[in-house]
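> Listed in order, the protein sequences are those of chains C and L. For the first sequence, the tail end lands on 415 under the numbering used here, and the numbers increase by one without skipping. For the second sequence, the tail end lands on 768 under the numbering used here, and the numbers increase by one without skipping.
Incorrect hints may appear among the rest.
[Said to hold, decoys possible] Derived CB-CB ranges, DEER-like:
1) 110(C) - 755(L): 45 to 53 Å
2) 740(L) - 156(C): 49 to 57 Å
3) 112(C) - 425(L): 38 to 46 Å
4) 636(L) - 204(C): 51 to 59 Å
5) 571(L) - 46(C): 36 to 44 Å
6) 43(C) - 567(L): 39 to 47 Å
7) 425(L) - 8(C): 38 to 46 Å
8) 515(L) - 321(C): 49 to 57 Å
9) 740(L) - 46(C): 46 to 54 Å
10) 450(L) - 377(C): 55 to 63 Å
11) 316(C) - 571(L): 34 to 42 Å
12) 187(C) - 426(L): 41 to 49 Å
[Claimed, not checked] In silico lysine-lysine, DSS-like type, Cα no more than 25 Å apart, as pairs:
13) 409(C) - 318(C)
14) 606(L) - 269(C)
15) 265(C) - 606(L)
16) 285(C) - 606(L)
17) 170(C) - 185(C)
18) 413(C) - 187(C)
19) 359(C) - 390(C)
20) 285(C) - 591(L)
21) 451(L) - 402(C)
22) 262(C) - 606(L)
23) 269(C) - 402(C)
24) 285(C) - 78(C)
25) 241(C) - 451(L)
26) 265(C) - 591(L)
27) 591(L) - 262(C)
28) 451(L) - 269(C)
29) 88(C) - 78(C)
30) 347(C) - 81(C)
31) 413(C) - 359(C)
32) 372(C) - 402(C)
33) 606(L) - 241(C)
34) 265(C) - 451(L)
35) 43(C) - 344(C)
36) 187(C) - 285(C)
37) 314(C) - 390(C)
38) 285(C) - 322(C)
Simulated from the structure, these hints should not be mistaken for lab results. Computed from a predicted structure; not experimentally measured. Ideal Cβ placement from N, Cα and C applies to all residues, glycine included.
Next come the chains, spelled out residue by residue.
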Amino acid sequence: MKRISILLLILGILGSFILADAQQQAKPTAFKYEDPIGVVKIKKGDPIHIACWFVIAGPDASLGIDTKRGVEIAVDDKGGKLLGHPIKLSFQDSGCNAEGGQAAATKLAADPTIVAAIGSNCSSEAKPGVPILWKAGIPTVSPSNTAPYLTDPNRGPEYDGYLRTCHNDKVQGAVAAQFAWTQLKVKKAATIHDGSVYAEQLAKVFAETFKKLGGTITAQEAVAPTDTDMRPVLTKIATGKPEFIYYPIFIAAGGHITRQAKEIKGLEKVALMGADGIFSPDFYKAAGEAAIGMYHSSPDFSAFAEGYKSFLEKHQKKYGEKPLAPFHAHAYDAAMMVFAAIEKVAKRAPDGTLYIGRKALRDALYATKNFKGLTGTLSCDKYGDCADPKIAVYKTTAENVKNLVMPDKPFWKPY
Amino acid sequence: MLHKIRERVTPTDLIMWLIGTCLLFLMIWGSIATIKGGTYSIHHWFDFVIFGLAQGSIYALIAMGYTMVYGVLRMINFAHSEVFMSGPYTAYYFAAAFYSSGLLDRQPILCLMIIFLVAMSTSSGIAFLLERVAYRPLRTAPRLIPLITAIGASFFLQYVFRGLFGSGFQAYPVVKILEGEWRFGEFRLLKFQVIVILAAALLLAALYSFIQRTKVGKAIRAVSEDKETAYLMGIDVDRMISTTFVIGGLAAGAAGVLYALMFKQVHFFMGFIPGIKAFTAAVLGGIGNIPGAMLGGIFLGLIESIGPSLFLDGLGIIAPYQLKDAIAFTMLVLVLIFRPTGILGERLAVKKA
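Excised from the complex, chain C in its bound form:
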């Protein structure tokens, strides 16, 4: 009995080899489309699969939902179709941490139907996730990773498939430092990061710029994103008597710091400033009235292109509320950029199958020049920075906190 089953198994394996071979030989030879990394073939009527890896659950979900909606509106604007094929979107939660990014990217990399990816949201997800995707030949365009490392000249070839439509934090951190120095006229500042790639690099850029301007950094502290009791660390910061605290972190920990800072002796009058990661109504929920009067650096919505207004109308109509975070327009642009690149490189075989070369798609994305997007005119440099960065500083009023809406007029612009 056992022998027969082994024999059958061997026969089966042999048979499958022969079949596979026969299939390969049956391939049409008239149409040729080659790509050094691989080709995605989409049969007639099959969808073009674009995958998104965003933070769509957990305390930082507002960031992911915001970008998800941007992508969905972009698909709507395309009429849901690209080159006659329906666009299929799939979403993978990436958790706003390295482990989540790795898990999401591994899942996406296993799916050969995916043409391109949009994401991730948090820079710490991108750091392990992008190499996994690029190994599978999937280029990814991020709407909200702002950490400088990801487009650094020394980042290594495993990040070759990575681009972003949002600003690089080299810009954002510098704007925050300039604002503190020239507008608030503070001389002493402290920074707090949460160990994430995004926060750590942003805090570093801020500190470097602030020191260059002539200021003193009294403390460069760090907390864990899951920490709740910030009073000890704030007490430690208070010993340096800063006039300004910059904490470019995420919502849960950011809320705790904002609430607890004013309770600490010596920090009652300190100016607080966060970055775009906590520029969200959810942050107002977390921080409550303590957020009144604090500053945020974030993309300047008033400098966005004409189309932004109609985008907001569509957003309101589709979801019944205002955007939840600052990166919906960047996500829209990322999706549009991916669609344009696919349109550029896709070739149709005589039998109606669409061929998309993975390397060709990546090169087409990198070749994006003067692309008119909502956030401005996008041109990608050779490291994948495509943004047209306009960063402004916003100030939160009591009205904002009460109604849980972000301020829409910049408080200060560097340009």
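Starting from the known structure of chain C, arrange chain L on it as the hints suggest.
Leaving out everything else, chain L in the frame of chain C:
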């Protein structure tokens, strides 16, 4: 004499002691350097102690649940962190309703009492059901099996709450009477921290005297000594185990509300970190020992608050608060090296272990 010592002390023990002594030396070195550095005044240290006490008393309350269940069942109830989460999460809806109707500002004491009542009854109800559904059928199974069930129950509860109430967090309303501070000259106390410490102390004292003084408490202690004998003495073992879970749930629910009032955020995953910390506290104090759990919790809170500044600042380590958890767990290792049974743990004889 020497021969006897050599028999009892293994090379592993020696190496562990060596590591322990090194760590202890580093800590003392760091503390001296920090104090000499003079960055912190006495007021800062006072603040650190108060922050640590407030956090620690919450750990202590949660740790009670771990240690009591361990006492009667010899198992770690990993779902206890979800018992902790369920109370304040459910009570949040009452708190939000009171806040939006304005009752919270007019009758704060009454509202707080209702919030505590709701949270404590939810937590103890869930703890009771947990024991009934997940642990009792497995009472006679090998000890690893209830442990796995506990982890399963923990995930189940987390995701039930996520499914019911969403994955985002909810912001607890601000209770006006708990805001502000009291000043004593240069020293100052935040009102709610005093309230948290007092409430926790009161609850801990009540629980302790319940276990020590009442008949039910005596029966619980008898069950934790020896189930069979207790049964022969006419004690309803099943009921005592249920009672233990309910009491642990009450403490966890109260701790949950205190936690929510202190940090003003609740979400479905909020129990995880405090749960792990409280478990650590229970081990630190000697698992199975009730005063030990209280002591362990407060000790852990204090170490987390004071440790990074005291030990690491002087050693010149940048951003020491990132290493808060590392310090807490190093302390656990240190305590276990020198006292394997925990601070107040009794030497376990064969019958218990």
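> Work down the list of hints and note, for each, if the structure agrees.
These are the hints, each one checked on the structure:
Range check, residue 110(C) to residue 755(L): Cβ separation about 46 Å, and the 45 to 53 Å hint holds. Between residue 740(L) and residue 156(C), the C-beta spacing of about 31 Å breaks the proposed range 49 to 57 Å. The given range of 38 to 46 Å is broken by residue 112(C) and residue 425(L), whose C-beta atoms sit roughly 56 Å from each other. For residue 636(L) and residue 204(C), the hinted distance range of 51 to 59 Å is satisfied, since their beta carbons lie about 56 Å from each other.
Between residue 571(L) and residue 46(C) the Cβ separation comes to about 39 Å, which falls inside the hinted range of 36 to 44 Å. The supplied range of 39 to 47 Å is met by residue 43(C) and residue 567(L), whose beta-carbon atoms lie about 43 Å from each other. For the pair residue 425(L) and residue 8(C), the supplied restraint of 38 to 46 Å is violated, since their beta-carbon distance comes to about 57 Å. The hinted window of 49 to 57 Å between residue 515(L) and residue 321(C) is violated, with their beta carbons roughly 19 Å apart.
Separated by about 49 Å at the C-beta atoms, residue 740(L) and residue 46(C) satisfy the suggested range of 46 to 54 Å. Roughly 58 Å separates the CB atoms of residue 450(L) and residue 377(C), a value that falls within the hinted 55 to 63 Å. For residue 316(C) paired with residue 571(L), a C-beta distance near 39 Å keeps the hint of 34 to 42 Å intact. For residue 187(C) and residue 426(L), the Cβ-Cβ distance of about 58 Å falls outside the hinted range of 41 to 49 Å, so the restraint is violated.
Under the criterion of a C-alpha separation no larger than 25 Å, the hint pairing residue 409(C) with residue 318(C) is consistent with the structure, at around 24 Å. The straight-line distance between the Cα atoms of residue 606(L) and residue 269(C) is roughly 20 Å, inside the 25 Å bound, and the hint therefore holds. Pair hint residue 265(C) plus residue 606(L) holds up; C-alpha atoms about 14 Å apart against a cutoff of 25 Å. Restraint check for residue 285(C) and residue 606(L): satisfied, since their Cα atoms lie roughly 22 Å apart, inside the 25 Å limit.
Between the alpha carbons of residue 170(C) and residue 185(C) the distance comes to roughly 21 Å, so the proposed pair stays at or under 25 Å and holds. For a cut-off of 25 Å, the pair hint linking residue 413(C) to residue 187(C) stands: about 20 Å separates their Cα positions. A distance of roughly 31 Å separates the Cα atoms of residue 359(C) and residue 390(C); the hinted pair therefore is violated under the 25 Å criterion. For the given pair, residue 285(C) sits about 17 Å from residue 591(L) by alpha-carbon distance, which is consistent with the 25 Å threshold.
Between residue 451(L) and residue 402(C), the direct Cα distance comes to roughly 47 Å. Violation of the 25 Å bound is thereby established for this hinted pair. With a CA separation close to 14 Å, the supplied pair residue 262(C) and residue 606(L) stays within the 25 Å bound. Proximity of residue 269(C) to residue 402(C) is assessed by CA-CA distance (about 22 Å); at most 25 Å being required, the pair is judged to hold. This hinted pair does not check out: residue 285(C) and residue 78(C) have alpha carbons roughly 35 Å apart, beyond 25 Å.
At roughly 20 Å between alpha-carbon atoms, residue 241(C) and residue 451(L) fall within 25 Å of each other, so this suggested pair holds. At roughly 20 Å between alpha-carbon atoms, residue 265(C) and residue 591(L) fall within 25 Å of each other, so this suggested pair holds. Under the criterion of a C-alpha separation no larger than 25 Å, the hint pairing residue 591(L) with residue 262(C) is consistent with the structure, at around 16 Å. A C-alpha spacing of about 29 Å is found between residue 451(L) and residue 269(C), which places the hinted pair above 25 Å, so the restraint is violated.
The hinted pair formed by residue 88(C) and residue 78(C) meets the criterion: a straight-line CA distance of about 12 Å does not exceed 25 Å. With a CA separation close to 16 Å, the supplied pair residue 347(C) and residue 81(C) stays within the 25 Å bound. A hinted pair counts as satisfied when its Cα atoms are at most 25 Å apart, and residue 413(C) with residue 359(C) does not qualify at roughly 39 Å. For the proposed pair residue 372(C) and residue 402(C), the alpha carbon gap of about 36 Å is over 25 Å, so the pair is violated.
Note on residue 606(L) and residue 241(C): the hinted pairing holds, with a Cα-Cα distance of about 24 Å set against a maximum of 25 Å. Among the hinted pairs, residue 265(C) with residue 451(L) is consistent with the structure: their alpha-carbon atoms are about 22 Å apart, no more than 25 Å. For a cut-off of 25 Å, the pair hint linking residue 43(C) to residue 344(C) stands: about 18 Å separates their Cα positions. With a C-alpha separation of about 31 Å, the suggested pair residue 187(C) and residue 285(C) falls outside the 25 Å cut-off, and the hint is violated.
Only pairs whose Cα atoms come within 25 Å are accepted, and residue 314(C) paired with residue 390(C) is accepted, the gap being roughly 23 Å. A hinted pair counts as satisfied when its Cα atoms are at most 25 Å apart, and residue 285(C) with residue 322(C) qualifies at roughly 15 Å.
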